[in-house]
Amino acid sequence: MELWYTEEQTQNVRFTIRCDKQIFSAESDYQRIDIFHSPEFGRFLVLDDRIMLTEKDEFIYHEMIVHVPMAVNPNIKKVLVIGAGDGGTARELSRYKTIEKIDVVEIDKMVVDACREHIPQTACGLDDSRVHLYIDDGLKFIRSVTNEYDLIVVDSTDPIGPGEGLFTREFYGNCYKALKDDGIIVNQQESPYYNVFSKAMRLAHKKLVSFFPICRVYQVHIPTYPSGHWLFGFASKKYHPLRDLNPDNWNSLNIETKYYNTNLHKGCFYLPNYVTKQLRDGEPDEN
Amino acid sequence: MYKLSQNKAPIYEALEEYKDRRVVSFDVPGHKQGKGNKELTEFLGKRCLDVDVNSMKPLDYLCHPVSIIKEAEQLMADAFGASYAFLMVNGTSSSVQAMVMSVCKRGEKIIMPRNVHRSSINALIICGAIPVYVDPGTNKQLGIPLGMDIEDVKKAIQENPDAKAVIVNNPTYYGVCTNLKEIVKIAHEANMKVLVDEAHGTHLYFGEGLPINAMEAGADMAAVSIHKTGGSLTQSSVLLLGESMNPGYVRQIINLSQTTSGSYLLLSSLDLSRKNLALNGKKIFDKVKKLAAYARQEINKIGGFYAFGSELIDKKAFYDFDITKLSIHTRDIGLAGIEVYDILRDNYDIQIEFGDIGNILAYISVGDNILDLERLISSLFEIKRLYSKNPAGMLDNEYIKPVVYCTPQEAFYSNKKSTPLKEALGKVCAEFVMCYPPGIPILAPGELVTKDAVDYIIYAKEKGCNLTGAEDMKTEYLNVMC
Numbered sequence: 001m002e003l004w005y006t007e008e009q010t011q012n013v014r015f016t017i018r019c020d021k022q023i024f025s026a027e028s029d030y031q032r033i034d035i036f037h038s039p040e041f042g043r044f045l046v047l048d049d050r051i052m053l054t055e056k057d058e059f060i061y062h063e064m065i066v067h068v069p070m071a072v073n074p075n076i077k078k079v080l081v082i083g084a085g086d087g088g089t090a091r092e093l094s095r096y097k098t099i100e101k102i103d104v105v106e107i108d109k110m111v112v113d114a115c116r117e118h119i120p121q122t123a124c125g126l127d128d129s130r131v132h133l134y135i136d137d138g139l140k141f142i143r144s145v146t147n148e149y150d151l152i153v154v155d156s157t158d159p160i161g162p163g164e165g166l167f168t169r170e171f172y173g174n175c176y177k178a179l180k181d182d183g184i185i186v187n188q189q190e191s192p193y194y195n196v197f198s199k200a201m202r203l204a205h206k207k208l209v210s211f212f213p214i215c216r217v218y219q220v221h222i223p224t225y226p227s228g229h230w231l232f233g234f235a236s237k238k239y240h241p242l243r244d245l246n247p248d249n250w251n252s253l254n255i256e257t258k259y260y261n262t263n264l265h266k267g268c269f270y271l272p273n274y275v276t277k278q279l280r281d282g283e284p285d286e287n
Numbered sequence: 001m002y003k004l005s006q007n008k009a010p011i012y013e014a015l016e017e018y019k020d021r022r023v024v025s026f027d028v029p030g031h032k033q034g035k036g037n038k039e040l041t042e043f044l045g046k047r048c049l050d051v052d053v054n055s056m057k058p059l060d061y062l063c064h065p066v067s068i069i070k071e072a073e074q075l076m077a078d079a080f081g082a083s084y085a086f087l088m089v090n091g092t093s094s095s096v097q098a099m100v101m102s103v104c105k106r107g108e109k110i111i112m113p114r115n116v117h118r119s120s121i122n123a124l125i126i127c128g129a130i131p132v133y134v135d136p137g138t139n140k141q142l143g144i145p146l147g148m149d150i151e152d153v154k155k156a157i158q159e160n161p162d163a164k165a166v167i168v169n170n171p172t173y174y175g176v177c178t179n180l181k182e183i184v185k186i187a188h189e190a191n192m193k194v195l196v197d198e199a200h201g202t203h204l205y206f207g208e209g210l211p212i213n214a215m216e217a218g219a220d221m222a223a224v225s226i227h228k229t230g231g232s233l234t235q236s237s238v239l240l241l242g243e244s245m246n247p248g249y250v251r252q253i254i255n256l257s258q259t260t261s262g263s264y265l266l267l268s269s270l271d272l273s274r275k276n277l278a279l280n281g282k283k284i285f286d287k288v289k290k291l292a293a294y295a296r297q298e299i300n301k302i303g304g305f306y307a308f309g310s311e312l313i314d315k316k317a318f319y320d321f322d323i324t325k326l327s328i329h330t331r332d333i334g335l336a337g338i339e340v341y342d343i344l345r346d347n348y349d350i351q352i353e354f355g356d357i358g359n360i361l362a363y364i365s366v367g368d369n370i371l372d373l374e375r376l377i378s379s380l381f382e383i384k385r386l387y388s389k390n391p392a393g394m395l396d397n398e399y400i401k402p403v404v405y406c407t408p409q410e411a412f413y414s415n416k417k418s419t420p421l422k423e424a425l426g427k428v429c430a431e432f433v434m435c436y437p438p439g440i441p442i443l444a445p446g447e448l449v450t451k452d453a454v455d456y457i458i459y460a461k462e463k464g465c466n467l468t469g470a471e472d473m474k475t476e477y478l479n480v481m482c
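Protein sequence lines, in the order shown, are assigned to chains A and B. Numbered as in my numbering, the first sequence ends at 287 without a single skipped number. Numbered as in my numbering, the second sequence ends at 482 without a single skipped number.
Some hints here could point you the wrong way.
Taking lysine-lysine and the BS3-like style, the derived pairs with C-alpha atoms no more than 30 Å apart in a straight line are [stated by the list, open to error]:
1) K474/B to K451/B
2) K155/B to K427/B
3) K155/B to K416/B
4) K181/B to K316/B
5) K105/B to K181/B
6) K155/B to K38/B
7) K451/B to K416/B
8) K109/A to K181/B
9) K199/A to K38/B
10) K38/B to K109/A
11) K177/A to K389/B
12) K177/A to K384/B
13) K101/A to K177/A
14) K177/A to K290/B
15) K109/B to K290/B
16) K177/A to K316/B
17) K384/B to K237/A
18) K301/B to K77/A
19) K105/B to K206/A
20) K206/A to K384/B
21) K315/B to K290/B
22) K78/A to K315/B
23) K185/B to K282/B
24) K19/B to K228/B
25) K109/A to K290/B
26) K384/B to K238/A
27) K416/B to K289/B
28) K283/B to K109/A
29) K206/A to K389/B
30) K109/A to K282/B
31) K301/B to K237/A
32) K389/B to K237/A
33) K416/B to K109/A
34) K180/A to K301/B
35) K389/B to K180/A
36) K238/A to K389/B
FYI, nobody ran anything at the bench for these hints, they're computed from the structure.
In isolation and in its complexed conformation, chain A is listed as follows (with noise of 0.2 Å):
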C-alpha cells in the first residue's frame, strides 16, 4: 500500500509527501492535528491541513523567528512566545544563558501534548526551567499585560481558524503596550507568493506599521511551506535589524546554528522587487 500526503496549497496547487505511516490523528476544541512519518522529511506535524513543521526543516523556521532578533538585542531578558506549542522556538531561545524567563502561551493543550509525545525534537524546548507554559488564547492573554518583555514572538498558525486573533489590529495593539521601551515583535508572516497568502501577508504589516515606528520584514526559505518563500515580520519601538546589529557580539556567543549566520541576517532583509511593492503598497492587488 502506498500513503501519500497531500496538502491543498491553494485551490489550484497541491503539494505531496510519501509517507510510511500515520503516528497521530485527533480533533481537539479548536482544529485537526495530524503526525506523519516520511522517509524524506522525518516526522511532520499538520494541523487543519496545513503542515506546521517537519523534523528536516524546522530548523530553518526556528532558528530565523528566534536569532535574528536576539542579535540585534542582545539583552533580551524576558521573552514571551505566542502559539508554538510544538517547542521549537522556546528550545531555540534557551540556548541563550542571558534569556531570564520565556512565557509560552499555546491555546490548544492537545498540540503540546501531542508534541511531546511523538516530535520530541521540537518538544524538549518546552522542558528548559525557564519556561512557563500558559494553555490560553494569546490575545487574551496579552490584553492584561503592560510594559513587561523585551521580544514577543508570534509564532503562529495562519489566519485562518484559531489561529485568526494573532493578525488583527487588536493584538498587534495589544503587543505594542505589553511590550518594554526598546521591544522587538516578531512574527510569522505568511508568504509573499501565492495570493491567498500574500492578502494576509500585507495586512499584517499594514497592521504593524500602525503601531511601531520600526518595521520591516525578512525571508526565509523553508521547502514544505507553500512557494517555500516565507516571510518573518520585524518590528520594534527602538531597535532596527541592521543597523543595531551587532555581529560579533552574538557571534561570540559561538551558539551552533544550521541555518541563521550574521551574513545572511544582513541579507536576508534585502526582499525581492515584487515583494517590496506589495509592502508598499498595502493593498491586495489581482493576482
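Fit chain B to the supplied structure of chain A, relying on the hints for placement.
Chain B in isolation, oriented as in the chain A frame:
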C-alpha cells in the same frame, strides 16, 4: 414536554421531496431553478435556487395553509407553548403590525411604552388607533429607556379604561424586561389584550434561567424574530397567539398586507430553526449565557466600559434582565456608543448590532464562539488605550417625553410642509425621526417637536448616528402639519 414530534420539519421535507421529483416548471419564479440567472446561481448556490419555488398544492399556500405549512405552524406553536403560530415572511415588523391591527381599530386606544419599535407606530398610521404612551423609565447613569414600572401601567389602564390593549417589549433592545405576568393580570382584569414585542426574545422560549416569555406569562399575542437569536434567515419571523385570540381573524389581518408569494427559503429556515431550537435550544442558550457572562466580566475589568447586568434589577421599571444581552455603556471613556461602533467596524473589522449615544450592543447568539468574543474584548481594551477622551460635555440619552397632539394617522395624512429642523420647534411632526438601529422613534407623527427632540437629533447627527424616517434623507428638514 412537547406534544408533537419536534424532529419533524414538514416544509423542509416537502421541499426535498419536490426536488427529487425533478418537476418541469412552467411556473414562476422565472429563473427556473436558477437556470435563467447564472450569476445569481453561482453566488447563492444551486441548492438554494432549486427550492426558491412558488406556492403549489404539494407545498401548500402560506395565505391559506392546509397541509405542510399548517403542520409546520402547529409544530411552531407547540415549540413555543402557543395556541397558534403563524409563519411570517415580511419580517417581525409585519408580526407587530398584525398584532396591533388584530385588536384595535380607528379611534380606539392602545397603551404602549414610548420605546416601541417604529413598526408599532406604523400600525397606528395604517389603522388609525390612538397611542397612550407610558414613560418606560430611564436609567440615569446609562441613559437607556427601561421597561415600564408596573405602577405606571396600572395608572394608564385606570385612566384609559376604554383602551383595547397594552403593548410590552420583552425584552427591550438592551435586555430590560417588564413585570409581564402582572401586566397580563391587570390588563385582562380591565378587559384589555396584551401584545408582546419579542423581536429580541426567541431564546426566552428555549433557554433556562431567563426572563419569562410572553406565552408563559399568559399574553394574548407575541411577535418573535426567530432570525435574530434563533438562527433562521433574515426577515423570517413568527406570530404567536394565546387561547383568547381567533386565528381565523388574525390570518385575515395578516393577509391584508402579507405577500401571496411567501418565500420557501424563509419558510424552510423557520421550519429547521424551530426544530433545532426545540431539540437543542437549552444547550445552545446555556452556551450563549456563558459567553455573555464571560464577556461582561472581562469587559468590566477594562475600566471605563460598563457591561451591565442583573445587578441593575430593581423589580420596577428594570424588573428583570436578559443575561444573554451584551450591552455596554461607553460614555465614561468619553466616546459615544456610535463612535465605538464605528471604530470597531472601521479599524478592527468587528461589526456589532448597534451603537447609540451612550451604549453599544453586541449580539450573541446561536452562531458565536469564544475566539471571536476574545477579539471584541481585546479591541475594547485597545479602544480605551488609544481613543478614550474626557467625557465632559457629552449628552445623556435622556428620555424625551412625547407630547401627543393627534393620532399618528391624522398627522401622517394631514396637509404638511417641509420646514428646516430648528424652525419646526413647537409644530406638530407629521413623520418619524429615529436612529436606525435601534429604530425607536425620537419623534413620531402627531407629536409636538420639542427642544429636547431637536437637540437630540442634532447631537445624534454630529456623532454619526444613522438618522432615518424623515422624508428628507438628511433630516435637515422636517414635515410638520400646516
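How the hints compare with the structure:
With a C-alpha separation of about 19 Å, the suggested pairing of K474/B with K451/B holds against the 30 Å cut-off. Distance hint between K155/B and K427/B is fulfilled; the C-alpha atoms sit about 29 Å from each other, no more than 30 Å. Restraint check for K155/B and K416/B: the C-alpha separation of about 34 Å exceeds 30 Å, so the hint is violated. A distance of roughly 13 Å separates the Cα atoms of K181/B and K316/B; the hinted pair therefore holds under the 30 Å criterion.
For a cut-off of 30 Å, the pair hint linking K105/B to K181/B stands: about 26 Å separates their Cα positions. Taking the CA atoms of K155/B and K38/B, the gap is about 61 Å. The hint is violated against a cut of 30 Å. The hinted pair formed by K451/B and K416/B meets the criterion: a straight-line CA distance of about 20 Å does not exceed 30 Å. For a cut-off of 30 Å, the pair hint linking K109/A to K181/B is broken: about 48 Å separates their Cα positions.
Between K199/A and K38/B, the direct Cα distance comes to roughly 29 Å. Compliance with the 30 Å bound is thereby established for this hinted pair. Proposed proximity of K38/B and K109/A is contradicted: the alpha carbons are some 46 Å apart, above 30 Å. Annotation: proposed proximity of K177/A to K389/B holds, straight-line Cα distance about 18 Å (limit 30 Å). The suggested pairing of K177/A with K384/B holds, with an alpha-carbon distance near 12 Å, which does not exceed 30 Å.
Our distance criterion of 30 Å between C-alpha atoms is met by K101/A and K177/A, whose separation comes to about 19 Å. Using a Cα cut-off of 30 Å, the hinted pair K177/A and K290/B holds, with the two alpha carbons roughly 29 Å apart. Proximity of K109/B to K290/B is assessed by CA-CA distance (about 42 Å); at most 30 Å being required, the pair is judged violated. Annotation: proposed proximity of K177/A to K316/B is violated, straight-line Cα distance about 43 Å (limit 30 Å).
For the proposed pair K384/B and K237/A, the alpha carbon gap of about 21 Å is at most 30 Å, so the pair holds. A distance of roughly 29 Å separates the Cα atoms of K301/B and K77/A; the hinted pair therefore holds under the 30 Å criterion. Taking the CA atoms of K105/B and K206/A, the gap is about 60 Å. The hint is violated against a cut of 30 Å. Straight-line distance between C-alpha atoms of K206/A and K384/B comes to about 21 Å, which keeps the hinted pair within the 30 Å bound.
This hinted pair checks out: K315/B and K290/B have alpha carbons roughly 24 Å apart, not beyond 30 Å. For the proposed pair K78/A and K315/B, the alpha carbon gap of about 52 Å is over 30 Å, so the pair is violated. Of the pairs offered as hints, the one joining K185/B and K282/B holds, with about 28 Å between alpha carbons and a cut-off of 30 Å not exceeded. Restraint check: the Cα-Cα separation between K19/B and K228/B comes to about 29 Å, which is no more than 30 Å; the hinted pair holds.
Under the criterion of a C-alpha separation no larger than 30 Å, the hint pairing K109/A with K290/B is consistent with the structure, at around 22 Å. The suggested pairing of K384/B with K238/A holds, with an alpha-carbon distance near 24 Å, which does not exceed 30 Å. Annotation: proposed proximity of K416/B to K289/B is violated, straight-line Cα distance about 49 Å (limit 30 Å). Pair hint K283/B plus K109/A holds up; C-alpha atoms about 25 Å apart against a cutoff of 30 Å.
Annotation: proposed proximity of K206/A to K389/B holds, straight-line Cα distance about 26 Å (limit 30 Å). Of the supplied pair hints, the one linking K109/A and K282/B holds, its CA atoms being roughly 28 Å apart against a limit of 30 Å. A hinted pair counts as satisfied when its Cα atoms are at most 30 Å apart, and K301/B with K237/A qualifies at roughly 27 Å. Of the pairs offered as hints, the one joining K389/B and K237/A holds, with about 25 Å between alpha carbons and a cut-off of 30 Å not exceeded.
Proposed proximity of K416/B and K109/A is contradicted: the alpha carbons are some 68 Å apart, above 30 Å. For a cut-off of 30 Å, the pair hint linking K180/A to K301/B stands: about 22 Å separates their Cα positions. Distance hint between K389/B and K180/A is fulfilled; the C-alpha atoms sit about 24 Å from each other, no more than 30 Å. Between K238/A and K389/B, the direct Cα distance comes to roughly 28 Å. Compliance with the 30 Å bound is thereby established for this hinted pair.
Violated hints, listed in ascending order, are 3, 6, 8, 10, 15, 16, 19, 22, 27, 33; each of the other numbered hints is respected by the structure.
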